[in-house]
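Chains as they are written, first to last, in the working numbering: chain U, 1 to 346; chain A, 1 to 346.
What the hints contain is simulated information worked out from the structure, not anything from laboratory work.
Misleading hints may appear alongside valid ones.
When the alpha-carbon atoms are kept at most 25 Å apart in a straight line, the in silico BS3-like pairs for lysine-lysine are as follows [said to hold, decoys possible]: (1) U/70 <-> A/318; (2) U/318 <-> U/270; (3) A/318 <-> A/26; (4) A/65 <-> U/155.
There are 2 protein chains.
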Amino acid sequence: MKYAILFGGNSYEHEISIVSAVVLKKILKADLSFIFCDENREFYAIPSIKLNAKTFSSQAFKKEKKLYLKQGGFYFKSFLSENKLECDCIINLIHGRDGEDGKIAALFEFYGVKFIGPRLEASVLSFNKEWTKLYAQSIGVKTLPYTMLRSYENKDFIPNFPCILKPARLGSSIGISVVKDLKELAYAKDIGFEFDEDLLIEEFKNNIKEYNLAGCMIEDEFIFSIIEEPQKKDFLDFEQKYLSFSRHNQLTEANLSEDLKEKLKENFKKIYNPLFKGALIRCDFFILDEEVYLNEINPNPGSLAHYLFKDFNQIINKLSKDVKNEKKISITYSFLHSINGQKGKL
Amino acid sequence: MKYAILFGGNSYEHEISIVSAVVLKKILKADLSFIFCDENREFYAIPSIKLNAKTFSSQAFKKEKKLYLKQGGFYFKSFLSENKLECDCIINLIHGRDGEDGKIAALFEFYGVKFIGPRLEASVLSFNKEWTKLYAQSIGVKTLPYTMLRSYENKDFIPNFPCILKPARLGSSIGISVVKDLKELAYAKDIGFEFDEDLLIEEFKNNIKEYNLAGCMIEDEFIFSIIEEPQKKDFLDFEQKYLSFSRHNQLTEANLSEDLKEKLKENFKKIYNPLFKGALIRCDFFILDEEVYLNEINPNPGSLAHYLFKDFNQIINKLSKDVKNEKKISITYSFLHSINGQKGKL
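Could you build the full structure based on these sequences and the hints that come with them?
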């Protein structure tokens with residue numbers, strides 16, 4: 001299989017996506033090409049040997065071949081002709097905006113490009129923490145109680161302390177604050193509203209345990225990663241979270257009863273099927289008093305959470321063969337023919 | 001102002017969108033160009049004089065100038081050079097898939113194109129009747145009770161009769177059946193599942209009154225259309241619904257108390273703000289025992305529901321000046337610089 005890895009994007013997680021691409025280059029045993037989406041949303045083909053931090057931070061990528069999207073895939077110009085970037089499947093590895101908010105899914109569906117990653121509806125529902133709550137409710141998955149704070153409502157809502165404030169539409173702990181009193185609340189709101197006009201407030205529970213489970217569905221069978229209990233202090237900040245996913249050491253599974261492991265998997269299945277078909281996602285759960293709560297869905301997790309799987313290469317190979325785009329609708333013009341026949345007017 | 005009207009799309013409502021474009025050509029007093037999206041999702045510039053049914057049903061549009069999307073807008077090639085299609089704002093007039101499911105919104109946000117129409121989140125939530133219900137719930141707008149029927153669950157749910165079956169993701173009454181008994185149910189399910197894997201079932205209420213209200217928000221002020229009580233027999237079918245919107249005669253407002261009119265507007269405001277900013281939408285409401293229920297949201301209504309407004313041209317001119325795309329995120333590469341400085345590793 002020949003894959004193209006799409007990374008970058010006009011996203012707060014642009015740089016993290018570059019790290020993800022570098023990590024997958026090391027992990028994936030396949031014929032790979034790399035498509036970089038810069039901050040202006042121009043696409044570039046990055047040669048594998050140039051896939052390093054300096055290429056991007058020095059803007060050297062601008063000397064590389066420019067790509068553009070058309071029906072069927074990415075193309076580039078050479079002297080007098082136009083060529084297609086050959087690949088069997090694109091891996092959407094843009095984190096946050098563009099990659100996880102539905103834009104890339106929409107572009108690839110529109111242009112008929114085969115890809116691994118969340119589809120349009122799945123992206124929009126998992127990108128916004130408020131919709132994620134509503135989605136979870138609708139499928140019978142528990143989440144923690146929450147209140148929305150909206151910049152345009154000027155609401156003087158005072159939560160119980162300690163609480164946690166999260167911008168509705170950002171991943172990777174960006175703009176998130178743990179708030180212990182009223183003074184901290186004002187500051188946390190200022191930070192949060194810099195990133196989003198909707199903030200979500202939850203009670204901050206110090207004793208809560210978090211567990212990550214990644215997986216996907218291939219030919220109607222679920223494939224699960226091991227269950228990880230991530231390390232944390234208060235909550236994982238940006239650097240901790242992402243430097244962590246370049247690790248190679250074998251993880252040990254979280255110490256949980258078989259019953260709770262099964263509960264986590266049952267919740268994952270409800271969330272995944274059928275909304276996230278085509279994607280390899282990571283769900284972050286809380287366990288509180290033996291009950292499972294969904295915290296968030298990462299439809300393009302850092303480095304695709306490869307470190308949680310024993311047979312990552314095989315999973316990607318199988319998943320890429322199983323992904324499907326929308327069926328085309330065939331246009332017959334029978335309606336135009338009929339009103340034309342009746343009235344000759346249009 | 002110079003507008004480009006985008007119509008067509010790979011949608012069951014492709015032909016209806018052509019009708020919409022023909023109607024708007026007559027109504028909009030402005031410098032107009034026309035961008036046709038064919039069933040293969042290729043774009044063509046259609047000269048105003050060729051905007052008629054035959055151009056499309058005979059495939060003659062294929063002789064016209066091909067357009068392609070790049071950063072900043074639509075471009076076309078001429079001998080040795082590339083030119084931009086000049087326009088101040090695009091009007092998204094694709095109905096159903098592509099235009100109302102979030103794809104066009106995503107493309108235009110991605111490529112930085114200014115447009116009138118629903119944004120990405122608004123599209124996904126209003127395109128799917130189930131998410132519309134959940135959205136309405138979350139903002140305190142009533143909807144009728146419903147049950148979901150999913151093709152992949154094989155559920156032998158038996159509703160109360162008469163009921164109405166609707167594919168979750170289609171507009172314009174396509175695939176909808178009113179069902180009076182068990183025999184009709186099997187047939188209606190077959191029809192519905194041809195179009196969508198999720199069907200929504202509601203009780204069919206013969207005595208229910210439907211009211212349509214269109215509007216938009218410009219500079220924080222709401223502009224409303226008159227309230228219309230559409231004619232119906234059982235429910236409006238495809239042809240009835242769309243032949244109706246080319247009418248030019250002045251409508252008379254529905255016979256409702258001031259109190260109920262106000263209730264409809266209050267519900268519209270809750271639905272619109274802020275999710276639908278940038279769009280001119282039509283909400284279809286039910287009134288039952290003096291209570292208002294949302295039936296559906298049309299974020300690109302047929303011919304933009306021009307016939308419901310007294311000053312349609314002025315509204316479009318003001319709205320087009322007020323639409324905003326997402327703010328760009330600026331990428332500093334401070335994270336890559338910092339990990340590079342510390343480790344020289346990436």
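For the pair supplied as a hint, residue 70 of chain U and residue 318 of chain A, confirm whether the alpha-carbon distance does not exceed 25 Å. It is violated: about 33 Å lies between the C-alpha atoms, which goes past 25 Å.
Keeping to a limit of 25 Å between CA atoms, is the pair of residue 65 of chain A and residue 155 of chain U held or broken? Measuring from Cα to Cα gives roughly 52 Å; hence the hint is violated.
Is the straight-line distance between the alpha-carbon of residue 318 of chain U and that of residue 270 of chain U 25 Å or less? Distance of about 22 Å is within 25 Å: holds.
Given the proposed pairing of residue 318 of chain A with residue 26 of chain A, does the C-alpha separation stay at or below 25 Å? Given that 25 Å is the threshold and the Cα spacing comes to 19 Å, the pair holds.
In the structure shown, a violation is registered for the earlier hints numbered 1 and 4, in ascending order.
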